[in-house]
Amino acid sequence: MLESLRKSILSEADSEDLRVIVISANGPVFSSGHDLKELTSAQGREHHVQVFNTCSEVMTLIQDIPVPVMAMVNGVATAAGCQLVASCDIVIASEKSTFATPGVNVGLFCSTPAVAIGRTVPRKVALEMLFTGSPISAHDALLHGLVSKVVPENRLEEETLAIAERICWASQPVVALGKATFYSQMAQGRDAAYATASKVMVENLALRDGQEGIRAFIEKREPVWSHTTEKAHD
Amino acid sequence: MLESLRKSILSEADSEDLRVIVISANGPVFSSGHDLKELTSAQGREHHVQVFNTCSEVMTLIQDIPVPVMAMVNGVATAAGCQLVASCDIVIASEKSTFATPGVNVGLFCSTPAVAIGRTVPRKVALEMLFTGSPISAHDALLHGLVSKVVPENRLEEETLAIAERICWASQPVVALGKATFYSQMAQGRDAAYATASKVMVENLALRDGQEGIRAFIEKREPVWSHTTEKAHD
Amino acid sequence: MLESLRKSILSEADSEDLRVIVISANGPVFSSGHDLKELTSAQGREHHVQVFNTCSEVMTLIQDIPVPVMAMVNGVATAAGCQLVASCDIVIASEKSTFATPGVNVGLFCSTPAVAIGRTVPRKVALEMLFTGSPISAHDALLHGLVSKVVPENRLEEETLAIAERICWASQPVVALGKATFYSQMAQGRDAAYATASKVMVENLALRDGQEGIRAFIEKREPVWSHTTEKAHD
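Residue numbers (full-length UniProt numbering), protein chains in the order written: chain A, 1 to 234; chain B, 1 to 234; chain C, 1 to 234.
Please note that a few of the clues may not be correct.
Given that identical chains are not distinguished, each listed pair holds provided it fits within a single copy or across any two copies.
[What the hints assert, rightly or not] Computed list of lysine-lysine pairs in DSBU-like fashion (alpha-carbon distance at most 30 Å, straight line): (1) LYS7 with LYS199; (2) LYS220 with LYS96; (3) LYS231 with LYS37; (4) LYS231 with LYS199; (5) LYS37 with LYS7; (6) LYS96 with LYS149; (7) LYS37 with LYS220; (8) LYS220 with LYS231; (9) LYS199 with LYS37; (10) LYS37 with LYS96; (11) LYS220 with LYS199.
Read the hints as simulated data drawn from the structure, not as lab findings.
Just chain A, with the same shape it has in the complex:
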């Protein structure tokens, strides 16, 4: 599953037409994380190393590719499944969804999920989830910043697609520049972050789509994006 996700992301990321990725699941479980049968000592240490390296690679890839990645969650997201939720850029969840890091119950503390979850929710919320393994509701996940929006199950797809369509409408290179800059500046101190972001604003303005958007705004018309990284002529 992780390999398939990794390959899909990498192959699609090369496509010029890709604007947004939505990760969803069939059935009542969004993702329950690793298959524990793969983690018995019979599989061997090298296999374990590979599983967790691939997992971390997928989770960081989600943030490092140029298009926004959304999760549409309708059910249970646990362990690495909860890590997947925490790693996505935007998460829309149905009211019945729940989120947990129950690894402690099977003697395998959710330390890799904690990397993503600890950077998404307040520390005390993360620690209670990790130490007890108890699930939190969609409402609490929203309260604590683990998901972006909670909607009734029958409106989940509609609400998710509305956001996805808004993203698809925007200029692809502008979104890509914005996403890459967000994650890189957030890893810096405030002053270095402003130096990075100010430089990007000037680059963004030099893009053809940067100038088209501003001209369209001033002329009170819809912009016509080139979706290219071409520089503006004038």
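Given the structure of chain A, go ahead and fit chains B and C onto it with the hints provided.
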């Protein structure tokens, strides 16, 4: 506007009598950020560089001057206006206020606003705002930590001034030491932060106002602040 | 009090049977922080240095020892008492509890409490607490991540013990590895954090209790923990 704000802050920051700054606006818009007409390619790259450098300077200045800076928001705060909100120490907003980073809609991703907003609200909230440009309500801004308090419009001034007056009542050098220490220790790791803050506590206790406050508390009377950085005599 | 807390934590941390620490108080005050009489200039600068060093040591010790530390709060937690709350891994509070950093009112800004509180609640919430000294309710403390759960006073002990018992049930070395890894990876950048945590997952799987938990799950039975750091045989 940015230049004027910068000059006002810098000139006032020299005043011994300054205790707090409250930024507010007339009309239904708190601030809608940059004037897009200044950002066309006709203005030239050097002008763009200067605009964003001045902007970052104002935003960091707000946090680096010795007095608390409050925003009193009664309306729309978008793009660099939302960045201004996120950069203030304390923000009181009326219920009708809304907050957005709609740059993506005009082909100019709100990358500099994201520096302040990404350090203020959970990452998923910031990314949904940035990728969709959709506004969030005052209620959601409070929920996610973008504002400190939300009040009915007819109580906005009263509530803001009550907090401002509390700050004015306190010893100026004690507040200045506290504000500077807060931002400097927050940029450090936990153990370095404790080393910084522990040292400051001892310095604070050596201030005349540090000792006056404690004596007044023990003697159950109101303190009489010197508002100076003089050391205590005894 | 700080010395006594430090000695208790250090002596108990050596005990093999220790699984969780719950800090609580008798009476309507959880903790009101430092005794201001210890902080007059008559006590001398060296004494002040020692007080704040011991305080920082206790607060960091809470996070650095191998067992989870919980606070059960039923009343007022102010200044270093609020810092203690912010430093614990999990905090259960009764509805009537309040939290404040009122040092500014006695001329001693809560700069050391701000180290823990600034890492626990949104920056604007922390700054309003620090600049005004005004208390926040248990409800707002939950909203902003300062506490993990708020319950009616008559259910405080029951709810706290339920979580403590869940922690006691788990494998001690698995919990210890998880806690240590959480705090160490949170101090790193994302990619370094994943390298740390992925390595720990593989170590965790090599533990006897790591394999026992997974086997028990697959065999649909309760795990029997060794609570030792022994490696799995097979």
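Do the hints match the structure? See the list:
1. With identical chains, the CA atoms of LYS7 and LYS199 are at most 30 Å apart between copies only, with a shortest distance of 23 Å across copies and 33 Å within one.
2. Taking CA atoms no more than 30 Å apart as the test, LYS220 paired with LYS96 passes between copies only; the shortest distance there is 26 Å, against 42 Å inside one copy.
3. Only between protomers do LYS231 and LYS37 lie at most 30 Å apart by alpha-carbon distance; the minimum there is 19 Å, versus 52 Å within a single protomer.
4. In this homomeric assembly, LYS231 and LYS199 come within 30 Å of each other (Cα to Cα) only inside a single copy, at 15 Å, whereas the closest approach across copies is 44 Å.
5. For the homomeric pair LYS37 and LYS7, the shortest alpha-carbon distance inside one copy (23 Å) is at most 30 Å, but the shortest distance between copies (44 Å) is not.
6. When the C-alpha separation of LYS96 and LYS149 is checked against a cutoff of 30 Å, the pair qualifies both within a copy, at 13 Å, and between copies, at 21 Å.
7. When the C-alpha separation of LYS37 and LYS220 is checked against a cutoff of 30 Å, the pair qualifies only between copies, where the shortest distance is 13 Å, while the shortest distance within a copy is 59 Å.
8. In this homomeric assembly, LYS220 and LYS231 come within 30 Å of each other (Cα to Cα) only inside a single copy, at 22 Å, whereas the closest approach across copies is 61 Å.
9. When the C-alpha separation of LYS199 and LYS37 is checked against a cutoff of 30 Å, the pair qualifies only between copies, where the shortest distance is 19 Å, while the shortest distance within a copy is 49 Å.
10. In this assembly of identical chains, the alpha carbons of LYS37 and LYS96 lie at most 30 Å apart only when taken from the same copy (28 Å versus 47 Å across copies).
11. Only within a single protomer do LYS220 and LYS199 lie at most 30 Å apart by alpha-carbon distance; the minimum there is 28 Å, versus 55 Å between protomers.
In this structure, every one of the numbered hints holds.
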